[in-house]
Structures are given as C-alpha cells and as structure tokens.
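Put chain B on the given structure of chain C with help from the hints.
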Amino acid sequence: MSMNVNVRATGGIPNWAKALTLPIILLVIWQAWAMTLPETSPAPAPLKVVQSFAELTASGELIWATIQSLGRVLAGFAIAMVAGRSLGVLMGSSRIVRENLDPIVESFRPIAPMAILPIAILWFGTGTPAALTIVAYAAFFPLLINTIHGVSRVDRQLIRAAQTMGLSRLRTVLVVIVPAAIPSVLLGSRLAMGVAWTAIIAAELAVGAKSGGGTSGGVGQMMFVFYAYSIDLNGIVVCMIVVGVIALLIDRLFRLVEHKLLPWRN
Amino acid sequence: MPATLPGKSPAMTVMPEDAPAVETARPNAATAPGRRISIAGVARGVWRARWFISLRAFATFICLWALLAAWVSSPLQLPSPAKVFDAMVGLAAKGELLSQTLISASRLGVALMVATVIAVPLGFAMALNRELNTYLDPIVELLRPISGIAWIPLGLFIFGVGGTLPVFIMAYVAFFPLLLNTIDGVREIDRKLLAASRTMGITRRAQMVHVMVPAALPSVMVGFRIAFASAWAAIIAAELIGSPSGLGFSIEWYRQLLMSPKVFSFIVLIGVVGYLSDVVLRTVQRKLTPWADGMGIDQ
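Sequence lines, in order, name chains C and B. Quick note on numbering that gives the first Met the number 0: the first sequence kicks off at 0 and runs consecutively. Quick note on numbering that gives the first Met the number 0: the second sequence kicks off at 0 and runs consecutively.
Bound-form chain C, shown alone:
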C-alpha cells in the first residue's frame, strides 16, 4: 500500500521517493552512529548486518535454521489444524457440545502459549516436541474459534434446503456446512499461521535459553546463541529481519490463497 509509484499531478517529489526517505535517513544515521564507536564495539551497523547476512547465507546456517523453524511451524500447524477444525465443526454445529466446552476453551485462551512452555519442557524435554507443543497450542485457538464462527454462521436456508432434499445430518455437515465455512477457516488459518510463527521463535529462544545449549536449532535458537555465546548483534539483527520477512511472506501467501479461492469476497 505504501508503494504507490504515481507521481502526483502537481509535480514535486514522487511518492515512492517519499516512502524511501525516512528508512534511508534512519539507516544512514544508524551507520554513522556505529562508525563513531570503537572497532571492538559489538553494536550492530547496517553494513555489518549485510556482511553478516552474506556470511550466514553462504555457510548455509541461516537457510538451515529457517527451514528447521518453518518445518516445526508446519508440523505444529498441522496438528492444530486437525484438532482445531474437527473440534470447531463439532462445536459450531452442535449447541450442546458448544455450550459444554465453551467454558473450558474460554479459560484456556488467555493462557499465553509461552506459559505452557515449562510444562512442555517437563513432559518432552528441550527438543523439538516441546517446541511443537507450543506452536500447536498457539495455532489451535484462532483455528478453533474461526471454524466455530464460520460453521455457526452458515446460511440457514442452505441447511434447510439440504434437509428438504433428504440429506442425512452427517452429509449436511460434510457437503454444506464445511464448504460454507471455508472463508472463516481460511481467515483462521492465516491468523493461526502468524501466531505459530511468533510462537516458534519464542519457543526456540526460550528452550535455547533454558537448556543452556544448542540442542534445539532453528532461527530462535540461533538468535539466542548469538546473544549468549558469540555476542554477535549483527547476527541477531539478521535473524530479526528473517523473522519479519517470513512473517510477511506467510501473510501474503495466505491472502493470495484467500483471494484465489474466494474471488467473490473481494
């Protein structure tokens, strides 16, 4: 939205140049500030960050860590998807189930994913399963709630029509309700994927911090190693940028899917 390349009719500075102004000024100030510091200072600087990025990419470390984190996010997301969607359809289509489970769901929701990390560590140790638990837990709620929302808002006319045509209850759920709930489910997936990505970074960071070593891997762990062992702030900034870029890509990808699957919504 910011990349509007139209030059304004009145002339003057084009919008894209205005958009770039502030980021460039900030980068220049940052670089200038970093250059006033002694050579040994660990403070990050834009040029050093670029250099660090090139090194980490060339050695394959960064790519491997990103793949590892993404793999965990996908695995955790898949677990949450199965659990969240099936429970969501159940809760959305049956009032009795919904009424009875609602209090439990509502009381777990305000518990931050990171709060269950200590339990996950107690149960699974500091490896991948603990991280997966956090991701699945974090992704579960947006998926569940949006599925319930989608399912319970299906046009009643559709359901009545299906029943008039003599469809069984199960078939109504499968061929009418589930497809009609797709928009909500997609929205839930996008939100869930976003929180899952945040959660994996947090989990890797904390697992790294609490296990005192490099056993878990991933971008979060990499950041922690840069913080605690090699004191490489440039590396940390590289990781932060990677985290941001991946988050952006995930978001855009899901929006694209929504756009393609549901053209009537736009």
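Worth flagging that the hints you see were computed from the coordinates, not collected in a lab. The reader is advised that the hints may include incorrect statements.
In silico EDC-like cross-links for lysine to aspartate or glutamate, where the CA-CA straight-line distance does not exceed 16 Å [what the hints assert, rightly or not]: (1) C:Lys-17 <-> B:Glu-130; (2) C:Lys-47 <-> C:Asp-231; (3) C:Lys-17 <-> B:Glu-140; (4) C:Lys-17 <-> B:Asp-136.
Using the frame of chain C, we list chain B on its own:
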C-alpha cells in the same frame, strides 16, 4: 440441527468474544408467571443456566485431570488438582501470587500507557495528514512483521535482564494494533459528520474534540483490547527469558526447582488474570463508547 448463536463474534480480532449463551436470558419455567412452581422446572432451569453449565464443565474437566494425574502418577509431570490447589493456597498465603501479579500488571500498565500515548496521537496525525502518512507508513510496515519476541535478544543486550525489557517488548507489541486501529477509526469517520460540524461553524479544535475523537474512539478501543491481548502474551515470554521477577519468571523458576504444583498454580493465575482483564476491558469499552454498537463495531 446446527444452532445459530446470537451475538457478534468478530473473527478478525485476536480475542474474538463470545456470543452469550442462548440460555442466559431465558426465564426458566419456574419463574414464568401463571405457572405452578415445580421442582422439575426449577431443576431444568438450573441445569440450563449458564453458570451451571460452566460449573459442570469445570467439574468434569477437574475430574478428568485428577484421573489423568492418578494414571500418570508422576507429581512432577502432572500434579493432581488437589496438590495444585494446596500450592496455590500456600503461595497466596505467602503473598507471592499477589506480588508477582502486581509486578507483571504494573509493567503491563506502563507499557500500554507508553504505547497509547505514542500510537493514538500518531494514528490521528497519520490518518489526517496524507504527506505524513506517505513518509511514516513504510517504517510501520517494515517493523510490523517483526514480532516483539524477536526483539528479546537485542533488547536483552540493550536493557539487560530486568524490568525494562518486558516493558519495551510489550509497548512494541501493543503499538501496532493501537496505531492501525486508530488510523482506521479516523479514516472511517462519516464524512457527513465532518461536513455537518463544519457547516455549523465550529472551530477545527472543537471539531477534533467533539466529533473526531468520539467517532474514532470505538475503533481505538478495539485496538486497545487487541493490544492488551498481544501484550499479555508477550509479557510471559519476555519475563520468562529476561526478567528476574513477574509471572513469566515465576513459572520458569519453579520449573527449574521442579516444583510442578507451583508451576501449575502460576499458569492458572495467568489464565485467570488474562480472562478477568478482558472482561474488565470489555465492560469499559461498553460504558465508554455506548455508541459503538450503532457503528457496526463489534463489542
């Protein structure tokens, strides 16, 4: 037959609220006028009352937990509900529950205040001034995808282990939903309101105070609730990794001491405080902006 539930449930927000249970408002058979009070009627009314549904759901949950705990039979991995309750009473008696909650809550308060003071005026300025928006929007869009959590290692380096880090992380996390919702709220103010107020010849300042702020406030409040929810999730991570006190610290501390009942007590506390805060915020939202309902903003 699938039930359609009344009430609105915004799917877009981080904490979509829930439709009130269908049964809440229904007078039960026993109290309906002109009917004989029957025990069966009262029983049915109680059975379907919202509080009773919650109660029995919790009772079932706790029974299942107790059974599971008995089956696992490892108080380290899964302490029984009774043990957790004991631990909780003990911690409450020592005042630890309250003191750690207050520490976290005050950090949260400071962070939300800082974020609000910066984000809301900035949001107004960006929505009203196209030039400013062109300059600032790229920075916002560049920073927004970088989650607050990812700032923790760098924040640890800048602020060290202590109380400043969680405040910084939370203020950062709370900033974006507040800013974006404020911008949206101001942009979507009904043009007719602005035109009408101008026709009536009020000053720009009065227009700001009496028209723009009230019209944008519902959206700002929604932003505030999202900001609160994100900050509440972030504080646990920030305290767990880089703070010597607070709720997030406590759960990790007792895990290291292998005192599981206390770990569970604090987790329960985090849920309770988060839930109660949202209830309070929702009430404040309703009282502060009663006109929001008519604007199509979900309460």
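Each hint, compared with the structure:
At roughly 9 Å between alpha-carbon atoms, Lys-17 of chain C and Glu-130 of chain B fall within 16 Å of each other, so this suggested pair holds. Between Lys-47 of chain C and Asp-231 of chain C the alpha-carbon distance is near 10 Å, which keeps this suggested pair within the 16 Å criterion. Among the hinted pairs, Lys-17 of chain C with Glu-140 of chain B is consistent with the structure: their alpha-carbon atoms are about 14 Å apart, no more than 16 Å. Annotation: proposed proximity of Lys-17 of chain C to Asp-136 of chain B holds, straight-line Cα distance about 10 Å (limit 16 Å).
Violated hints for the displayed structure: none, as all numbered hints are satisfied.
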